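Which chain is which? The protein sequence lines are A and B, in order. Residue 248 in the UniProt record's numbering sits at position 248 of the first sequence, and the numbers go up by one each step. Residue 485 in the UniProt record's numbering sits at position 485 of the second sequence, and the numbers go up by one each step.
No lab work stands behind these hints, which were simulated from the structure alone. Don't take every hint at face value.
[To be verified] Derived pair list, reagent style SDA-like, types lysine to any residue, alpha-carbon separation capped at 20 Å:
| # | chain 1 | residue 1 | chain 2 | residue 2 |
| --- | --- | --- | --- | --- |
| 1 | B | K55 | A | E193 |
| 2 | B | K406 | B | P330 |
| 3 | B | K55 | B | R167 |
| 4 | B | K55 | A | P202 |
| 5 | A | K306 | B | E147 |
| 6 | B | K399 | B | G378 |
| 7 | B | K55 | A | A197 |
| 8 | B | K55 | A | V203 |
Owing to the predicted nature of the structure, the values given are computational and were not obtained by experimental measurement.
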Amino acid sequence: MWRDLFQRHGALIVLAAVVVAAGAGLDGFLTAGNLDNVAVGASFLAVIALGMTFVIVTGGIDLSVGTVFALAGVLAAWASQYGSAAALLVPLVVCGAIGALNGALIARAGLAPFIVTLASMLGSLGLMLAVSREGTVTHLVPDGLALTPLVHGRLLGLVGHPVLLVVVLFAAGGVVLGRTRWGQYVYAVGGNEQSAALMGVPVGGVKAAVYTLSGLCAGLAGTLNAVWLGSGVTIFGIGTELEAIAAVVIGGTLLTGGYGFVAGTLAGVLLLKVVQNVINAVGGLSSAYQEVVSGLFLVVVVLAQKWLSRPGAAAPTAPHGPSGPARTGAP
Amino acid sequence: MTGPVERGPAVLGARGVTRRFPGVLALDRVDFEVLPGEVHALVGENGAGKSTLIKLLTGVYRPDGGGLEYLGAPVRFAGPLRAQRAGIATIYQEVNLLPLLSVARNLFLGREPRRFGLIDFARMHREAREALSGYGVHVDVRRPLRELSMGARQMVALARAVGSDARVVIMDEPTSSLEPREVETLFEVIGTLRERGIGVVYVSHRLDELYRICDRVTVLRDGRVVHTGAMAELERLRLISLMLGRDVADVAGEGVTTFSGEHTEVSSEPVLEAADLAARHRLHGVSLRIRPGEVVGLGGLLGSGRTETAQAIAGALPLDSGRVSVLGVPVRRRSTAAAIAAGIGMLTEDRKHEGIVPGSSVRENIALAALPRLSRFGLVSERRVDRVVRVFMERLRIKAVGPEQKVEELSGGNQQKVLLARWLALEPRVLLLDEPTRGIDVGAKAEVQRLVDELAAEGLGVLLISSDLEELVEGADRVLVLKDGAVVGELSGGEVTERALMAVIAGEPVTAAGERAGDGAPAVRGGEEVR
Chain A
1 MWRDLFQRHG ALIVLAAVVV AAGAGLDGFL TAGNLDNVAV GASFLAVIAL
51 GMTFVIVTGG IDLSVGTVFA LAGVLAAWAS QYGSAAALLV PLVVCGAIGA
101 LNGALIARAG LAPFIVTLAS MLGSLGLMLA VSREGTVTHL VPDGLALTPL
151 VHGRLLGLVG HPVLLVVVLF AAGGVVLGRT RWGQYVYAVG GNEQSAALMG
201 VPVGGVKAAV YTLSGLCAGL AGTLNAVWLG SGVTIFGIGT ELEAIAAVVI
251 GGTLLTGGYG FVAGTLAGVL LLKVVQNVIN AVGGLSSAYQ EVVSGLFLVV
301 VVLAQKWLSR PGAAAPTAPH GPSGPARTGA P
Chain B
1 MTGPVERGPA VLGARGVTRR FPGVLALDRV DFEVLPGEVH ALVGENGAGK
51 STLIKLLTGV YRPDGGGLEY LGAPVRFAGP LRAQRAGIAT IYQEVNLLPL
101 LSVARNLFLG REPRRFGLID FARMHREARE ALSGYGVHVD VRRPLRELSM
151 GARQMVALAR AVGSDARVVI MDEPTSSLEP REVETLFEVI GTLRERGIGV
201 VYVSHRLDEL YRICDRVTVL RDGRVVHTGA MAELERLRLI SLMLGRDVAD
251 VAGEGVTTFS GEHTEVSSEP VLEAADLAAR HRLHGVSLRI RPGEVVGLGG
301 LLGSGRTETA QAIAGALPLD SGRVSVLGVP VRRRSTAAAI AAGIGMLTED
351 RKHEGIVPGS SVRENIALAA LPRLSRFGLV SERRVDRVVR VFMERLRIKA
401 VGPEQKVEEL SGGNQQKVLL ARWLALEPRV LLLDEPTRGI DVGAKAEVQR
451 LVDELAAEGL GVLLISSDLE ELVEGADRVL VLKDGAVVGE LSGGEVTERA
501 LMAVIAGEPV TAAGERAGDG APAVRGGEEV R
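Extracted from the complex, chain A is given alone in its bound form:
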């Protein structure tokens, strides 16, 4: 019971502890302005991490989301000259297509997710450089774009729209993963592909879908980010894939697949961003230390996961030996 609790809510518990400690120790941490800063800053990463959660629950990985995020930003800024609809649709279609291509190569051709998404990471980097003329052109979002006030708006003057969107997306993601049949399939694929196939799960379809979803999430995040910033910045987002993976894992999702929750991912994202905020707030500490702390967190979480799953660990992994009655019949 204890183990479950910690695996599920570990990130949330630590997050609460950090917030309480920072609130007590740092002036200005618990102000509305600062918390809003953290929340909005976390929202773009959160959207990426949401898609990543689905991918990692299937036992896969998507390394392309960082550059896809950046590509989406550049595409959105470029397309914004043709209006809001173009600014939204162009990056979503392109990024969805990249995700679908990832999915197709992984699901149909059986290639390793690591390699496929590494390739599409490089591919989308090139695409982004092409759109920005080798990075020499920074496309600006024109003033008066209909999308801009939507992104910058606030509900009741309090909650920023990106934050609101994250809440809605995560609620939807939680329902899809936890309460729909398709969500069960996602877990099943990550639990054991072969078993899942024998149990009637459309493994290929599920895989193709999660990578497409991941591409779409990264595309959406990049688009919103560009509108938020008012331009498509080429270097923004490179390396975000690692942050997203870290958030997902810190949130209790097993990298080996078959286990995880979107709520945990949200807690993981917030934890990373709060720590970043705290370090920035502590005078004199370089923001570079934030990466160090994030790295440490990740190691601690993975160690904790390993340790927590230790007593029952014998059960899920290969209860049968290498030979014996397992082999029967023709090849």
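With chain A fixed as given, assemble chain B onto it according to the hints.
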């Protein structure tokens, strides 16, 4: 057991199905049918085609020739999912469920009760509890499956398969990881299936189980059906002879192996002694001794614990209890390295995966295990490696262009010799040979057999595992027969005949003196057969 409640035309049948794999005819015009309400045993040794047939019946493979009939009409399944949906349920021997998901989710995956498109967990949990209680499993269905015992998991798999309106249930070695109590529950469930008119295909090597619950039996051998009929009318000995392909009346003739059949025993002090080897579900107190110069055979059906015994001796199988000693010195640590250091070498059954390094040369493959001995201060002495490689290539008559030829380019027999050379380079005291001649051509087979003879003559202790009865009879001085992980008989000297072996495997205990503890099976006195 009592007859089925209802019998009609076959619920599922294969009509003259043929299936080829590159270089192998796995199934050759096989006819097979399951009637409603019958439990049909499907038996055969390794490579007989059982797995292929099951995969054809369950839509994993499609036949190259012939076809399937289901519920009286020809059918072609596009995949396992289609077969499953149509009502053909399969329980695989390794439970194919998802350990991290809850018991209920495993049970209902793909057919969860839903309300407004979302899963109705309350109802799912209630139904899961109800369904499982019918299988004697009373657990919290919300907990992850991995917290259940193997037996309980098997029951979940069964409940899952049968729950989906199955008309046919195919069980592949369902009892291989079950406790006796769980086996009883399984048999009760099978009884219920039979009463419901479901056809059951039951694959097992445990003869006692087959005779207890099966109505009919089909024996496969080398991809062909060699017998179909009522289970009770097939004598055990006859069943064994059908499976192994050795005719009871026809085993007295001189064999074609090249074993000399005589080995000089240098001394009576055992070179290897293994006592009370026990591993859960697999070995139940196996003991054996091998004297220098002796070839001890291990016989028994597939899954009887032969390979496991060898692995246990070689330190490759975790044991619950048991001792292994070489020349009276106990092997303390249970690891392959400790076993090798003690002088135990093991030639595995699976040459490709557990033995050769295919892309490396003959020289590298031979020297691999012996490198520590051939090096000084961590540096490999090329001269010593060359010498060892030359010696063994000559001695084992390894046919290769030269020591630098890649092992993958050699024939199976020569690959086997390279592996043998690798072990011999370590100067072992005991060699464990698991199916040393499987899959190699006749000529190479003869050479390997001759080598085994020579090695024994030089004082090595040899444990020979073989499914080939002839090989055991002619190669071994003494044969231990295993069944369900325990030694059920020992034959030595003149007692070692194919017929006697089959009798012991069939479960007619034959003591060394040729006495039997009768159990109602046909009388065959194992000890009397002298060639």
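**Request:** Mind checking the alpha carbons of K55/B and V203/A for me, to see if they're no more than 20 Å apart?
**Result:** Holds - the C-alpha atoms of V203/A and K55/B are around 19 Å apart, at most 20 Å.
Q | K399/B paired with G378/B [C-alpha distance capped at 20 Å] | A | Given that 20 Å is the threshold and the Cα spacing comes to 31 Å, the pair is violated.
Item to complete: Take the C-alpha atoms of K55/B and P202/A, compute the straight-line distance between them, and say whether it is at most 20 Å.
Response: 19 Å, holds
Within 20 Å, alpha carbon to alpha carbon, are K55/B and A197/A? 14 Å, holds
### Message
K55/B and R167/B were given as a pair; does the straight-line alpha-carbon distance stay at or below 20 Å?
### Response
It holds: about 17 Å lies between the C-alpha atoms, which stays within 20 Å.
For K306/A and E147/B, compute the direct alpha-carbon distance and say whether it is at most 20 Å. 17 Å, holds
Checklist entry - For the pair supplied as a hint, K55/B and E193/A, is the alpha-carbon distance within the 20 Å limit? => result 18 Å, holds
message: Does P330/B sit within 20 Å of K406/B, going by the straight-line distance between their CA atoms?
response: 38 Å, violated
Consistency with the previously given hints fails for numbers 2 and 6, ordered from lowest to highest.
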